[in-house]
Amino acid sequence: MSTIVLLALTGIGLAGLYFLVASGLTLIFGLMRVLNFAHGAFLLLGGYCAWLLGAQLMDAAGNVSNAGFLAMLIAALAAGAVIGTLTELVLIRPLYRREFAQVLVTVGLGLVVGALVMGIWGGDPRNFPAPPWTHGIVRILGANVPASRFLLIGVALLVLVALVAFLRHTRYGLIVRAGVENRTMVSALGIDVRRAFTLVFALGGALAGLSGALAGVYFGAVSPGLGSMLLIDAFIVVVIGGLGSITGSALAALAVGLLQQFANYYFTGIGDLAIVLLLAVVLLVRPRGMLGAST
Amino acid sequence: MSAGAAASPARLPGAAVAQPAILLHVRDVHARLGGAHILQGVDFDVPGRGVTALLGRNGVGKTTTLRAILGIVPRSGTVTFDGQPLDGLATFRVILRGIGYVPEDRDVFAGLTVAENLRLAERRGVPPRYDLVFDLFPDLAARRRQAAGTLSGGQQQMLSIARALLNPARLLLVDEPSKGLSPRLVGETVAALARIAEDIPVLLVEQNLAAVRKLAEHVLVMAEGRIVHAGPAADFLADAALTQTLLGVSAGTGAQA
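Protein sequence lines correspond, in order, to chains A and B. Position in the first sequence counted from 1, then plus 14, gives you the working numbering. Position in the second sequence counted from 1, then plus 9, gives you the working numbering.
Covered stretches of chain B (in silico footprint by chain A; criterion: 3 or more residues with CB under 8 angstroms from a CB of chain A, positions within the stretch not fixed):
#1 94-103
#2 112-119
#3 128-141
To be clear, the hints were calculated from the coordinates, so they are not data collected in a lab. The beta-carbon is built from N, C-alpha and C at its ideal position, and this holds for glycine as well.
Throw the hints in and build the complete structure from the sequences for me.
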């Protein structure tokens with residue numbers, strides 16, 4: 015029982031991380047038809063920014079205060095938002111209507127940022143400073159669950175609620191939802207849909223940056239491979255959930271996180287294989303994903 | 010753009026001010042889609058009042074012509090709207106000059122409610138004309154909370170027209186409003202367009218010649234990416250030989266082209 019609880023909470027925590035990366039990807043793809051391969055780079059920059067700030071703030075034991083930790087998360091969020099915005103304005107926008115070229119440029123950016131991070135800070139994992147409570151253990155139903163799981167779950171839930179509220183109740187949310195269905199028609203109502211493009215890149219970048227910092231907490235370190243590793247899982251989540259659907263991404267993240275954990279434990283190390291199989295099954299049964307749009 | 014005409018709810022405010030004799034000039038417009046040369050030098054004028062019908066067989070480029078005017082498909086040539094060139098403008102800027110667009114297949118946002126579809130069309134600093142659209146289409150008012158994707162084809166068409174009328178427009182581009190609708194709904198749509206066209210000039214792509222006969226004052230006929238005939242609608246529709254040659258139907262029957 016305690017094993018199941020631990021696996022479930024770890025899976026849900028991981029799902030939170032996947033969701034944070036996938037939600038931005040799915041919004042960008044839904045609206046712009048661009049599979050953003052630079053999303054891992056956004057994550058990486060967020061994680062390293064938080065680490066750089068944390069390294070200034072931490073004490074001799076590698077701990078930071080709660081306020082310092084909050085500052086690290088905000089720095090990661092801001093770094094992601096800035097790189098996301100710049101990517102859209104500088105690289106994506108000049109390639110308007112050339113979606114294949116847009117995808118290629120994100121691939122290039124992803125490679126460049128990965129190599130830069132490697133060049134500047136080296137290939138070794140860097141210990142990620144965090145408040146002591148994140149290393150603590152919470153006893154729940156007989157299981158010893160690391161507190162960081164609850165941090166991931168909490169942040170992911172907060173982001174999910176905020177994103178759904180944004181999409182449902184704001185003008186830009188309305189534009190994004192409409193644009194995911196038919197962005198030409200959004201322009202044909204007199205709306206500058208390109209502003210929504212910049213917005214989803216900023217938003218997606220911010221969430222990716224935040225997840226970079228949270229990944230640092232979860233794994234206890236940041237390393238140059240973090241972005242591409244989480245990006246692959248996030249892509250799978252996006253496809254399973256249905257391209258362009260936030261709630262689909264949340265559900266798919268949950269399925270992927272849980273399946274990966276349980277498969278890894280009960281069938282030693284086949285977690286990744288299991289989620290690829292899940293992907294294959296979903297694509298066979300529902301080619302547009304769980305909650306995919308009809309177009 | 011005057012709000013002065015709003016005195017009677019039955020009248021459409023916005024376009025009742027003096028319109029130029031020729032509202033839209035289209036000159037030598039070419040467009041290519043996926044390597045195919047769809048528009049091969051389209052020239053025509055749209056007068057500042059009444060319905061101008063753009064006719065032609067399937068695939069001659071009628072829809073592409075509307076989309077080229079709006080900048081949805083890339084084009085060359087010049088398009089002038091009320092004396093101002095539209096060339097090189099992004100689609101949303103063309104629309105904001107005062108053109109309403111009712112696309113082929115309605116293109117309502119299926120996952121959004123009726124109210125959200127209309128709210129999306131609202132513009133900052135422009136009072137939305139809900140009285141007007143709900144007066145024209147009372148059905149929509151009753152279905153505000155319904156997802157647009159669950160509306161019938163006729164209701165979707167009404168929503169699509171309502172969306173284009175929510176802001177004052179000086180010209181409406183309407184693409185095959187009767188497509189896929191039952192005869193009764195075609196009648197309702199035509200009646201609504203006739204009311205709208207009393208105040209706002211309409212460029213109408215339509216295959217249903219009975220609808221064209223009721224609505225249009227002028228016709229433009231396309232063939233192979235060019236305008237091959239332009240003139241008064243009544244004369245064209247009365248000329249059985251001409252309609253047979255250009256559209257492949259006899260207008261006398263009023264049948265679907």
